[in-house]
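Assemble chain B onto chain A, guided by the hints.
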Amino acid sequence: MSAPSPTKAPADRPSAEPGPAGAGTEGRPRRSGTATAGRPHAAWALPGVLFFGFFAVVPMGLAFYLSFTSWDGLGDPTPVGLDNWRKLLDDDRMLQSLWLTVLLTVVSWAFQTVIALLLGVWAAGRQRNRAVLSAIFFVPFLLSSTAIALLFYALLDPNFGIIQENILGSSSGAFLAIVFVGGWQFIPFHTLLYQGGARQIPEVLYQAAAIDGAGRHRQFFSITLPQLRHTITTSTVLMVVGSLTYFETVLILTKGGPGTDTAVLPYLMYEAGFKSYDFGYASAIASFLVLAATGLSLILVRLTGFGGMRSTREGM
Amino acid sequence: MKSGDRPAGPPPAGRRRRHWTRRANPVAGLGSILWLVVVIIPIYAMLSASLTSQDKALTGNPLSPPTDPTLDNYNTVLNSGFGHLLANTVIVAVAVVGIVLALCVPLAYVAVRTRNRWSGLAFRLFLLGVAIPAQAVVVPLYLLIAKLDLYDSLLAVILPTAAFAMPVSVLVLVGTLRDVSEELYEAMALDGASPQRMLFQLAVPMAKGGISTVVIYSALQAWNGFLFPLIFTQSDGPRVLTLGLFNYVSQFGVNIPALLASVVLSGIPIFAVYLVARRALVGGLMGVGGK
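Chains as they are written, first to last, in the working numbering: chain A, 1 to 316; chain B, 1 to 291.
A portion of the hints provided could be inaccurate.
[What the hints assert, rightly or not] Simulated pairs of lysine-lysine, DSBU-like, Cα-Cα distance not exceeding 30 Å:
#1 Lys87/A - Lys56/B
#2 Lys208/B - Lys255/A
#3 Lys255/A - Lys87/A
#4 Lys275/A - Lys255/A
#5 Lys275/A - Lys87/A
#6 Lys147/B - Lys275/A
Keep in mind that the hints were calculated from the coordinates and are not lab data.
This is chain A alone, in the form it adopts within the complex:
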């Protein structure tokens, strides 16, 4: 597998020289002159599009359709018009669940972003001790969410004795436990994103700021944070979509309890569908979730100009 002349290419990569004039802009004027020969046919994309369409897009459409039906999982769905959606708006549990989901998303985002950003920027330094600690910090991410939920399910068991109190028995305790466990699991990953982002900030910016007499905090707020804005967007979108779909940790740690005090939207949907066999209502909750997730990420992407992938690269 030897490419014709791959050796000269790395110099062309924008990552090697993070100036705004990357190789991308250079190639553009010539492209119009190049014949379409040597370009793959768009049909090459077809298998992937069809596969994704069949297992993701079609089911999403079906979820909307099912939200207008009543279906117990056997037999055929019967159309019931807006019943499920009306129920959705009237359901106190739904309202509570929505509020919990928003709260979980916001609190988790703040908790994870602050720690991951600070740790990531810190870990971007190339000192040996930082490398060793970073390697240890990453270990929680090697466990699956199921394993981590089980780990804390065991550690938080009052009989087991690390913490004598029954934290999962109180509403706020259970909620905070879910936030903490989520952070424990995902902060390593987001730290990594920030570490990668921070390493791409050109050193000259700091040198110039130092010459101008800017202190460490000033540098952090005037250089590091603005330079990391695309990483912050990426990380935030991943966190928000992640929190909206937080499920196995809730199922294992609290089963939505005490009472329904930690029953976030995905858990409510799971119960409606696969415990109460009310698939129509479950689909209405699911559709709502899709709308919320898509709307939120579109807003985030629009707000931060993440959609223009090319401009993203230039900032990085």
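Then chain B, alone, in the frame of chain A:
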């Protein structure tokens, strides 16, 4: 890793010549030690308890080292079909990675190389697809899987898992393939190379970084997947590791040391990969953030 930097240790005021970012930072240092404690205590408690017999675990202090360590808990877990769960999970992970690569590499290649309405549309589909939560489609997928007669099989886990790993994979691959310079393609085109040859001899070798990110990302998605196995499988046959762990809760009940031993065992394979190929794994995951 080290760029000619001496291990900084605590470089006091004397060495001001180092870059500003390379100076020791006592506040950050303290913060990182705090986080180290937060990371280590649960792991330590898990390892220690998994080596303690069940009756001792309930009486002793969980933070003191086990007085006479035993491997009984690990035996209990290994005798509860752990190997079967592991084998299933490996099959799922390998299949998911294979499907994702086979579908996403040509897709990203087209999105970068062939700029027309259709390829742009395909790319935008996946850009939006990032926001489709798997939870949102389990009900209709359940219907679909049942109609396809795939319920309670490994394929019922593999196919949707692969589909949901695709959006991020496509974005990562498009990001990497964009960096392959136009001149190289033109040089190959002058030699009369077909699009296939350009893909396999130029694009794929140049996009190694992105491809390894996709491999790691999709393998982890498969490894960690819980919802699809929970809803689409039922019997012991196609049970994967995550679901097996979940079932241990009821199986072992109050036997917390055995439960923790199963958690440790489930982490060992990825931990082994981490030890052997830490840089590839970490570098690959960094790629999810767009390099």
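Tested hints:
1. Lys87/A - Lys56/B: Roughly 51 Å separates the two Cα atoms, so the pair is violated.
2. Lys208/B - Lys255/A: Roughly 42 Å separates the two Cα atoms, so the pair is violated.
3. Lys255/A - Lys87/A: holds, 23 Å
4. Lys275/A - Lys255/A: Holds, at about 12 Å.
5. Lys275/A - Lys87/A: Between Lys275/A and Lys87/A the Cα gap is close to 18 Å, so the pair holds against 30 Å.
6. Lys147/B - Lys275/A: holds, 21 Å
Violated hints for the displayed structure, listed by number in ascending order: 1, 2.
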